[in-house]
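Line by line, the protein sequences are chains A and B. Just so we're aligned: 220 in the numbering used here is position 219 of the first sequence, and the numbers increase by one with no gaps anywhere. Just so we're aligned: 799 in the numbering used here is position 304 of the second sequence, and the numbers increase by one with no gaps anywhere.
Calculated directly from the structure, the hints in this document are not laboratory data. One or more hints might be untrue.
Claimed, not checked - Simulated restraints, written as ranges between beta carbons of each label pair: (1) A:Gly-100 to B:Ala-792: 40 to 50 Å; (2) B:Leu-714 to A:Glu-143: 19 to 29 Å; (3) B:Leu-714 to A:Gln-145: 20 to 30 Å; (4) B:Glu-635 to A:Tyr-137: 39 to 49 Å; (5) B:Ala-809 to A:Gly-147: 19 to 29 Å; (6) A:Tyr-137 to B:Ala-707: 26 to 36 Å; (7) A:Gln-145 to B:Ala-587: 51 to 61 Å; (8) A:Tyr-137 to B:Met-713: 22 to 32 Å; (9) B:Ala-587 to A:Gly-279: 45 to 55 Å.
For clarity, every value in this text was computed on a predicted model and none was experimentally measured. Beta carbons are placed, not taken as given, at the ideal position from N, Cα and C, and that holds for glycine.
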Amino acid sequence: MKRRDFIQRALCATASSALFSQFAGKMSIAHAAATAEPRLLGEDYRALVCVYLYGGNDAFNMIVPTSTTEYAQYQAARGALALPSAELLPLTPSVAPTGGGSYGLHASMPLLRGLFNRIATPSPLAIAANVGPLVYPITKSEYQAGSVPVPAQLFSHSDQSVVWQRPAADAITRRGWGGRLADLFHASNTNQQLSMNISIDGENVFQAGDDVVPYFVGENGAQGVANVHPEYDVARRAAFIALRDAAQGNALQRQYATVMRRSMNNEVMITGALAGGGNLTTAFPDTGLGRELRMVARLIKVRATLQMKRQIFFVGLGGFDTHDNQLDDQATQLAQLDGALSAFYAATVEMGVANSVTTFTASEFGRSTSVNGDGTDHGWGGHHLILGGAVNGRRIYGRMPSLVVGGADDAGYGQIIPTASVDQYAATIARWYGVAPADMATVFPNIGRFATPDLGFMSAS
Amino acid sequence: MSRILRRCAWAVAMTAQSSIVLAGGHVFDSGFEDHVEGPWSDAQSARFLTQATFGPDLAEISRVRRMGYNAWVTEQLALPASLHRPYLDAQAAAGLDVYQNSRQEAWWLRAITAPDQLRQRVAFALSELFVVSDRNGTIENEPIAMAAYYDVLVNGAFGSYRTLLENVTLNPVMGHYLSMFKNQKPEGNIRPDENYAREIMQLFSVGLVRLASDGSVMLTGGQPIPTYNQDTIRGFAHVFTGWNWHACPVPQGGQPWEWEYCPSGTNGWVLPMEAWESYHASAGSKQLLAYTGAVGANTGVLPGGGTAVGDLHAALDNIFNHPNVPPFVARHLIKRLVTGNPSAAYVGRVAAIFVNNGSGVRGDLGATVRAVLMDSEARTLPTLASNAGKLREPLLRQSQVWRAFHARADDGRYREWNPEGYLAQASLRSPTVFNFFLPDYRPPGELSTLNLDAAEFQITTDTSIASVANGLGSKVFYAWRGFAFQEPEDVVVDLEPELAFATDAARLVDRYDLLFMNRTMSNFMYQTLVAYVQSMPAGSTQQRRQRVQDAVWLIQSSPEYAIER
Chain A
2 MKRRDFIQRA LCATASSALF SQFAGKMSIA HAAATAEPRL LGEDYRALVC
52 VYLYGGNDAF NMIVPTSTTE YAQYQAARGA LALPSAELLP LTPSVAPTGG
102 GSYGLHASMP LLRGLFNRIA TPSPLAIAAN VGPLVYPITK SEYQAGSVPV
152 PAQLFSHSDQ SVVWQRPAAD AITRRGWGGR LADLFHASNT NQQLSMNISI
202 DGENVFQAGD DVVPYFVGEN GAQGVANVHP EYDVARRAAF IALRDAAQGN
252 ALQRQYATVM RRSMNNEVMI TGALAGGGNL TTAFPDTGLG RELRMVARLI
302 KVRATLQMKR QIFFVGLGGF DTHDNQLDDQ ATQLAQLDGA LSAFYAATVE
352 MGVANSVTTF TASEFGRSTS VNGDGTDHGW GGHHLILGGA VNGRRIYGRM
402 PSLVVGGADD AGYGQIIPTA SVDQYAATIA RWYGVAPADM ATVFPNIGRF
452 ATPDLGFMSA S
Chain B
496 MSRILRRCAW AVAMTAQSSI VLAGGHVFDS GFEDHVEGPW SDAQSARFLT
546 QATFGPDLAE ISRVRRMGYN AWVTEQLALP ASLHRPYLDA QAAAGLDVYQ
596 NSRQEAWWLR AITAPDQLRQ RVAFALSELF VVSDRNGTIE NEPIAMAAYY
646 DVLVNGAFGS YRTLLENVTL NPVMGHYLSM FKNQKPEGNI RPDENYAREI
696 MQLFSVGLVR LASDGSVMLT GGQPIPTYNQ DTIRGFAHVF TGWNWHACPV
746 PQGGQPWEWE YCPSGTNGWV LPMEAWESYH ASAGSKQLLA YTGAVGANTG
796 VLPGGGTAVG DLHAALDNIF NHPNVPPFVA RHLIKRLVTG NPSAAYVGRV
846 AAIFVNNGSG VRGDLGATVR AVLMDSEART LPTLASNAGK LREPLLRQSQ
896 VWRAFHARAD DGRYREWNPE GYLAQASLRS PTVFNFFLPD YRPPGELSTL
946 NLDAAEFQIT TDTSIASVAN GLGSKVFYAW RGFAFQEPED VVVDLEPELA
996 FATDAARLVD RYDLLFMNRT MSNFMYQTLV AYVQSMPAGS TQQRRQRVQD
1046 AVWLIQSSPE YAIER
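One chain only, chain B, in its complex shape (with noise of 0.2 Å):
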């Protein structure tokens, strides 16, 4: 019934020249009562969880529109975090070598099978805007570490910023990839290493330019107004200064050795650094980011004589106060979940509600995701013509049927190593701290003339589209349960559900339209794919899922796939 009211949508768009609207409207094709804020059709509930989660299943569909979306988010907000570094530390436990594979491996197997995954999808996406990396040899010899690094991200996906901000700023992980580990006060010509102070306000906070509290750049005499210059990175460095590992086992004795060979100890590289005064900046006053209402009546202007917690401490509020925070973070949330390109408005209700999450607290990033979720821009499927929508990150494609047809191995391991690969990404793996794009990538071309931003497409080379679609593709064609080579270790699908709709064509297409598209596909595609479908014969098993894996993969290839709306 609802793909014939689709074709018809379609051909009043076709002769209408213009946009067409899919899903929407009561469609109780669940057979059971909708919640009343919605969502009110199959496709809607497929769509929100593409957004809230690593995929979406049959399941969790129905579920979410008997729950409706804001219980659904509360009871997410509510689930204990699925922590990475235990999985690690169990297989240290039982004898097993640890390196990087193995944080890999965790980091599947909570984006596949963890309950909460809202926060596993937030703490996705922190992870590219408080970005490290594993190509950095220091820290590609600490996987635990990494993984505790990416554990405070995980249980701070729904906390406060601010916290967040103070624990990503002390953790050691973070301290080696942007220097501030052993970074000292200023002596003959050595000077404070600046590279924390500038990535934490140009990456992770406020960004180059002043934002209006909608994210629109404000202009003085047409040009962008800078948020901070280099007297402000100065201060920043002034600020960074003094922080060694946890509870140094050798004395504090304010020698340059002591200092300098302060070993590790056990548990140094998973506990936040610690301070030593006598290597911290004390001396001279701090330029931090001046606004109205920043410390030193507005200037910004720290005075001198504090210590390494303090000047800490008062220079984190600094940045968190900040007006450019709030449209800042939330432009990076909506990124990373919803839309490439949000309207402006859109920013600007989200950015509100960090400002205030209704309680007075600033900087509540579980109000925030809410926020990002439940706006109606969020909520609402944009049309083609809007140019709404985002390319699909390649992880979020391969987790997507994964989850779909809950992939595992025998053993339930996830030896999905090195995905970057053939997907041209992998969880702390970007090639600098710029992620693996840049949020206001366009390509050349139609793009760029439109002004549209597209920070995938930055990893979308003429090589990787094409790995993408073949890496896609192996896993289906080659990696399903009770495929005839297959390992024990290997991930497989499982397609054995699957084979009750490959006799129907069209009904099979139609189930796939909703699981990876939330059936947004275009009748052109849908009558394409039923067609090929239907030419292939369906008499075996072997052919069923034959049709099964054809479908799956020119889906995943497809361009309008590849487009999330």
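Chain A extracted, bound-state conformation (with noise of 0.2 Å):
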């Protein structure tokens, strides 16, 4: 740790940007290469793409029960908010879901249950059972006698959409395994400028790593500075860039500068390769969502130009803490979902990396089975989706909990225990990202204490 304060000081001494990315390139190799063992795959290229859903969806009104027993049960804690069965777009899982029963998906995403349901071409769309933030597996009865840890804060959306993010639920950093995976995987790029990371949903906890930092551009792609034209402002433009890169005895102005010369250097390269890298086909839903994966689908279509072969993305959707209105509320959101994810797909499908990129979803928490009147309050597990040609589609993988008001997996107030642990679907994602068996107790602290470190949703390789 000493080492890495020393390289960090060292680098926050430094004042050229070109002498810059350089140095910090070779640094965090080195880093790398002493603790913590690059993994340098091959030529092929992975990304993954975490969409997070803002607010806390409520993914048990968007795949709910169909089956008899079920859906009663449904019915009976949902109340008002119960979806009508006939509404429900079924699902046709090639395996029946653990614990048995059969499932619908929200009336609107249709085109999502058209790839689920798919079976002309293996189905590129999987579904995971009630994940959420787990400090170990519990029991109702653990969790009311207080006997087992569980993360702190629970329900609050600070906070789990913090531990959401994290490693580990019981982790005290605000690093994300995203950002993890980027400290081991980052010397694969030949890049060593840009980032590997980039967010085009801003600032977020699942990116964010010890060494990677991740870098930030718009839906319509990176922002250059003004006024500072290297043909027509010369003058101008060399004081700018002295005041810039001038040594700042206040940490906080180290950070300014070192955001504004990030955000110039990269800009340049981006908005270069963009220019050059033509224009995709498929056609987006003019959506802040739609708009947000058409941006990530430009990015990896122009990759080798950017020199790019492992990449992590981050986008978002708000709008899902429907603690009022949620019967059209998240009739909307939903929606949007449906179509920007089910047109991100066949842009990768155009593109021909189908099968190297995977996109899955997060949320702080489910929500509530027991309403307020109109609306559901802060819950616990949720439902996820992952999709991807690498995704083994047409599943739904772990245990369906059971929504009987009361019942086993009801931690009290309809909110749902999890059944599957956010580290294991995590892993899940990162093992076929490349992440080695004898590494993943590295990435993921606490991936021992549960049943298994695979849920099954990702091919082989």
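From the two separate chains plus the hints, produce the assembled complex.
This is the structure in structure tokens:
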């Protein structure tokens, strides 16, 4: 750790931006080699896309039982918020889900239903049942007795969104498992200036690593700094750069300068690459998430120009905190998710990288099965979607929880205890991404506490 | 003279490889006797005004020097409040369509021109504590109600925190934003909504973990102690039931359709919500916050059988008297007004004034604000190496240059409707109830290593750092009075008074060092700017204006300016 501190200080003291990026790349590799064995994979490309649903998606109204017994239990819990069974889009998994029952998708999601049920070619869409943050596996009686630790501040947005993105529910860091993967793999990229982790939706915990700092672009690309044109503003640019790169005595000033430098250097690279990258044929819906995923697709398209072999993207969609007006509001949000995700998958097919790109959802919690009138409150576990050519689709993985009011999976108030941990969900994806079994416990320190490190929804390689 | 002294100080500091202390000392650079308690220099005065207003101008810098800090604060505390809603009402009365645009206009008008600057600045800080946002679809359609909500903060900025907490709680805008409105008692599988119960504790008052009186986190067995648990949240959720529109025009017959379809009426959106006892969860005791002195012999258990109003008062009293509140509120105000990483002692001193304003009154926000500003840690320029200070919020960067150069449109309106597009910030427009940034956010890298909170960096992405610089630039380069393409509705800065200084590069840079950086500019930055401005021609008015514009924008986009110390 002392060594890392030294490197960090040395980097901060380095004024020249060109020198800075060269130096940063070399030192990071050296550091990784010394402690965590960088995983230099082959020449193939691999990308993860985290689709974060802000506010806590009500997954129990996204994937709903259709079998008689389970639907009746759901209806009893949900009351006026129960979706009519006739409106649900039936799912036809190739293997019955653990615990039995049949399920349907929310009526706003016909395109993803089509991908899930696809038989003509292997389905690219799988469902992970009732995933949530756990410190240890836990039963209802253990939860009620307080005999097994649970994540701190359960049911709180800000805390659970951090917990969901971290590599362990009881870690105290604001580093995410996407950041940890990037620390491990970023040496695979020839390009060591552009971060392996790119967010189209701003700051997030998931992508923050110890060595790798995420880079942020907008839905229309990178934003350049005006008034400092290299040809037309030569003198002003020189003054601007001199002020930007001067040695700063205050760490906050250094941070500002670092972000400004990174922003300008990467903008030149990204804008140039996108300009030369042609366009996608696939049409994306003109929604926030549609535009963000379109930018991800465009960046993947120019991966060779950018010299990237391993990338992790982050996009987001807000509006899932449906304390009120849930029936209308969630339908709108899920329709947006349906359109944007299916378009993105089509774009990966168009680019010939469907098998190399895996997209998955995350959200701070599912919602309570109990209702508060016209909405629901913060819950715990929730179902999630995994999409891509390397996904073993048309299956529901893990165990579907009982929705019986006060039943075995109900922590109280309809807050459903997760039947799979975020660690398992993440580790399943990370294994496909390239994390070796021997490294799994390094990336996910708690993974050994759970029955299996692999929920099975990703193909072998 | 002072410039020369500073250069020496710089050289000494560089030699010693340590930090430098600028400003300070009795530099009588304005030609009159300073007030005995300070400020003793224009730089100190400018620095104070940067913390206490939306930006200093030269006249106010001089005035504070003559008055002294405390007299200025006293004057500000006594000024009548410049409210926001009347501006929207006037537009509506004039037949204009009133949208959120009007509310943003009112915000800028008050920020740039209101005499009660300290009140406006504190109200803005409170709007980042008691967060509502027009990104919520329901309240987006209610600009006048949102302006009235902002006025609750303006009116309450120097009053009692307990009163403010109640006014915020019963405001229908907050009621809709955090769904306390029409929250009803348990029935079947319907449970009281937990949204407001959770956020009033987590975000508005006590926070998640127990704090010592100086704001430091209390530990037991090495772990933080949770302030409350899920039972507490359910207890408060039951308390916050039974509230509907003020003076519902239909009878309160206790029928579900009457509760459900009670219309807002003419003024429902701007009047406090009103209790319907038949929808209040009166039965059953309620778990409130437990602490020494709490209701129920310290257990925090409120007995059942109370009324909606009675339970609400008991619950707000229970929050108000929790020992976390003084350091929690003190830290928020310090972070918004002064510095991102205050010492525990500083938080503790301000919290002590919150506990007792000197007359035995708890929760006096006016006294608390004075304590924030008058503390030695606020009034002493910190060394660079201490890493004290904070990244200036983008809205405050824009307001500062507009106040410095007295910006206005020809008709006095401020049609700056969507500043979030380039500043990543706008009044009452955060993405979530968690404000634009979390108070303890730390970007990966050096700041995390050093354990420095840097909240404002959460909205300083690779994209926004450029868009903020570009937006500020466009306001200086292309929005000045007399610009050939100026439209009558453009807000324009007045650069005319600046032109007289533009022929002397050193004088010009020195002027802006005071106005924008309270004379904390490093010698390197000063020399770089002077050399650059000197290299520009100054023969014509146009050329002199270009000098002004370049100097201002190069400061605004620099790392040294971005961090307020």
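Taking the hints in turn, this is what the structure says about them:
1. Against the hinted window of 40 to 50 Å, the Cβ-Cβ separation of A:Gly-100 and B:Ala-792 comes to about 47 Å, which satisfies the hint.
2. Restraint check, B:Leu-714 to A:Glu-143: a C-beta distance of roughly 25 Å satisfies the suggested window 19 to 29 Å.
3. With their beta carbons about 26 Å apart, B:Leu-714 and A:Gln-145 fall inside the hinted range of 20 to 30 Å.
4. Restraint check, B:Glu-635 to A:Tyr-137: a C-beta distance of roughly 43 Å satisfies the suggested window 39 to 49 Å.
5. Checked against the hint of 19 to 29 Å, the pair B:Ala-809 and A:Gly-147 passes, with Cβ atoms roughly 28 Å apart.
6. For the pair A:Tyr-137 and B:Ala-707, the supplied restraint of 26 to 36 Å holds, since their beta-carbon distance comes to about 31 Å.
7. Distance hint check: the CB atoms of A:Gln-145 and B:Ala-587 are about 55 Å apart, consistent with the given range 51 to 61 Å.
8. The hinted window of 22 to 32 Å between A:Tyr-137 and B:Met-713 holds, with their beta carbons roughly 26 Å apart.
9. Between B:Ala-587 and A:Gly-279 the beta carbon distance is about 51 Å. The supplied range of 45 to 55 Å therefore holds.
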